[in-house]
Structure formats: C-alpha cells, structure tokens
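J.: For the protein sequence lines, the chains are X and R, in the order given.
First residue of the first sequence: 1, per my numbering; consecutive thereafter.
First residue of the second sequence: 1, per my numbering; consecutive thereafter.
Careful, some of the hints might be misleading.
Under the rule of at most 30 angstroms between Cα atoms (straight-line distance), these lysine-lysine pairs were calculated in the DSS-like manner [what the hints assert, rightly or not]: (1) R:Lys104 with X:Lys98; (2) X:Lys52 with X:Lys117; (3) X:Lys18 with R:Lys104; (4) X:Lys21 with R:Lys104.
For the record, the hints were derived by calculation from the structure and aren't laboratory data.
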Amino acid sequence: MARSKFIYVIYIRTTPEKCWKALTTPEFNRQFFYGTTQESKWKKGASWRLLKPDGEACDSGEVLEIEPLKRLVLKWRNESVPEMRKEGYSRMTCTIEKHGASVKLTIVHEMDKARSKLIESVSDGWPPILSSLKSLLETGKSLEETRHWPEEI
Amino acid sequence: MKKSQFVYVTYIKTTPEKLWSALTGEKFMNQYWFGCHCESQWTAGSSWKLVSGDGQILDAGEIVEADAPRRLVIRWQHQSKPELKAEGPSLCTIELETFGTAIKLSITHTIEREPSKLIEAVSGGWPKVISNLKSLLEYGSVALQDPYPNKNPYSGKE
Numbered sequence: 001m002a003r004s005k006f007i008y009v010i011y012i013r014t015t016p017e018k019c020w021k022a023l024t025t026p027e028f029n030r031q032f033f034y035g036t037t038q039e040s041k042w043k044k045g046a047s048w049r050l051l052k053p054d055g056e057a058c059d060s061g062e063v064l065e066i067e068p069l070k071r072l073v074l075k076w077r078n079e080s081v082p083e084m085r086k087e088g089y090s091r092m093t094c095t096i097e098k099h100g101a102s103v104k105l106t107i108v109h110e111m112d113k114a115r116s117k118l119i120e121s122v123s124d125g126w127p128p129i130l131s132s133l134k135s136l137l138e139t140g141k142s143l144e145e146t147r148h149w150p151e152e153i
Numbered sequence: 001m002k003k004s005q006f007v008y009v010t011y012i013k014t015t016p017e018k019l020w021s022a023l024t025g026e027k028f029m030n031q032y033w034f035g036c037h038c039e040s041q042w043t044a045g046s047s048w049k050l051v052s053g054d055g056q057i058l059d060a061g062e063i064v065e066a067d068a069p070r071r072l073v074i075r076w077q078h079q080s081k082p083e084l085k086a087e088g089p090s091l092c093t094i095e096l097e098t099f100g101t102a103i104k105l106s107i108t109h110t111i112e113r114e115p116s117k118l119i120e121a122v123s124g125g126w127p128k129v130i131s132n133l134k135s136l137l138e139y140g141s142v143a144l145q146d147p148y149p150n151k152n153p154y155s156g157k158e
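Build out the structure end to end from the sequences listed, making use of the hints.
T.: Have a look at this one:
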C-alpha cells in the first residue's frame, strides 16, 4: 500500500518520567511546541486535540494506545489547512526507551497515502520541536523560536 | 537511478563558527563521536578519514566542497566492514543555516544504490552523534558515553 512516513530519533539526557511529563503537560508543551497545548484525558479511546494559544484546534484525533512513560499512539488529522484536513487521519507513534543515563525518543508519523502533504509538513515541523524539547530538558530553556505561535499563520 | 538516503535535521543554540569548529576540529570531535576523530585539511580536494579511538580507519574519502561555516560535502566510503566497503562511496552533505538565535544543522547522506547497508548503519549512527554534539554545545556534556549501552554481552544485540 502507498505510504508516507517520517521517522525521527533523538537522544536526550533525561529520565523517561521527565520526558513523558514534558510531552503530555501543557506548561511544558507551550515552551517547545509553539505555544500550543494538548487536550486529552490520556486514555485509550479518548479524544485528543492540539490547541493553538487562541483555543482553536489545529490538529485533532484520538488516543489509540497509551503506556505511560513508554509509548503513545495517536490518530492525528490536521484541522486548519483544508488540503491537509482532506487527507484524513495519520498515525503518530511516540516511544521512549532508556538508553544508558539518557532516553531514546522516537517519533514515527505516517499516513496510508503516497506524497502526503501532512507528512511533508510534519517532517519539517518535528525536528525544531524535538530539538527544542531536548534543549528544555537538558538546559532548562527551550529554543526561543519555538516558544510562540508564528504570527503569520 | 536507484538511491538510498538518510536526512537528519537538528537545531542547536550556538553560532555557525562554533558549530563548524566542532564539526571539523579534531579535539572536540572525540568527545561527541565516541572517541573518533577526523583527519583532513578540510579544503576541496583534500583527503578525509574518520579514525576510531584505537587508530582504526573506519571511513575514508575526500572533501568535495568546503564553504565554512555553511556547507561541507564529503565523499565517504566505509573501510572496516567488507560488505559496507563493497557498496562504494557515498556522499555526505552537511549544511548550517541560521534559525533565529540557533543553527539548523542538516545532514544528508546518500548512496547510488538501493537498498544500502551503509545508509541503514548511518541512520542509526547520526542521531547518536548529533544528539551528543547538541548536548555538548548546549549543556557541556554528551548525552551518550556509549553508543550501545544496552548491548547484551552474550548475544551482541541491543
């Protein structure tokens, strides 16, 4: 089947607990994810939304699998760009593994369609977000450029 | 033409000069590249080698382009594992771009064959090396001392 897939691996000097907390808690999300927060009850089957600072959802979906500190799988559809929204739901898998005194964080974001515009977009989006998360967890400060929702959008 | 490619992009809070110096400086490199260092004059046409801590030549080739502190292109052929050496030379392009107060570092590693065991290998290696480089420049210490800390001493598997 035609498929679009983006994979990103990053190693971070932190614990699985701190990494999981940063990924799922609004006060941390805002600092490395362009001011956005996630809204979810974080249980299998629960709805999931990624909210812009103004409260509107830019992406939405559902929690497909969740194993705290280790694995999160989301059904994920873009809500704000019509040609991406039309593509339907992608699958985002986030895994955290202990690697010595650090963690190995892996994101796999995929869609059952060739040349997906959503996957192309997140392929540009994930690296600065995850780099900023690493800076936040290691130095206490995220990358300045990822702290605010871009004005031109 | 058949092609295998690995692309890795990261963002590091540093200056282009410090990052270029870390990428091309012998002393700094062994801290983030698991004891390895590169030997090169870092000018177009000059030879290039990646040497392990115990002096083994792991990879060799030449500098194709060097435009400090923006772009480096290395012709890169693995030397120590025969099946990887047999694949022939790959091309590794390293680009540094300003991203506000940080630098966007892009690594594009390509070979004209599909599939490629070399590209599979560097797909595992680059995230470790570059994660270490980012930690060293931003925090002062690397993220990983050992590339395979979870390795089973009996099976050799991670």
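J.: Is it true that the CA of Lys52 (chain X) sits at most 30 angstroms from the CA of Lys117 (chain X)?
T.: At roughly 20 angstroms apart (the allowed maximum being 30 angstroms), Lys117 (chain X) and Lys52 (chain X) satisfy the hint.
J.: Below or equal to 30 angstroms on CA atoms is what counts here, so check Lys18 (chain X) against Lys104 (chain R).
T.: 25 angstroms, holds
J.: Holds or violated: Lys21 (chain X) and Lys104 (chain R), Cα atoms, limit 30 angstroms.
T.: 26 angstroms, holds
J.: Has the given pair, Lys104 (chain R) with Lys98 (chain X), been kept, meaning a C-alpha gap of at most 30 angstroms?
T.: 27 angstroms, holds
Taken one by one, the earlier hints all hold for this structure without exception.
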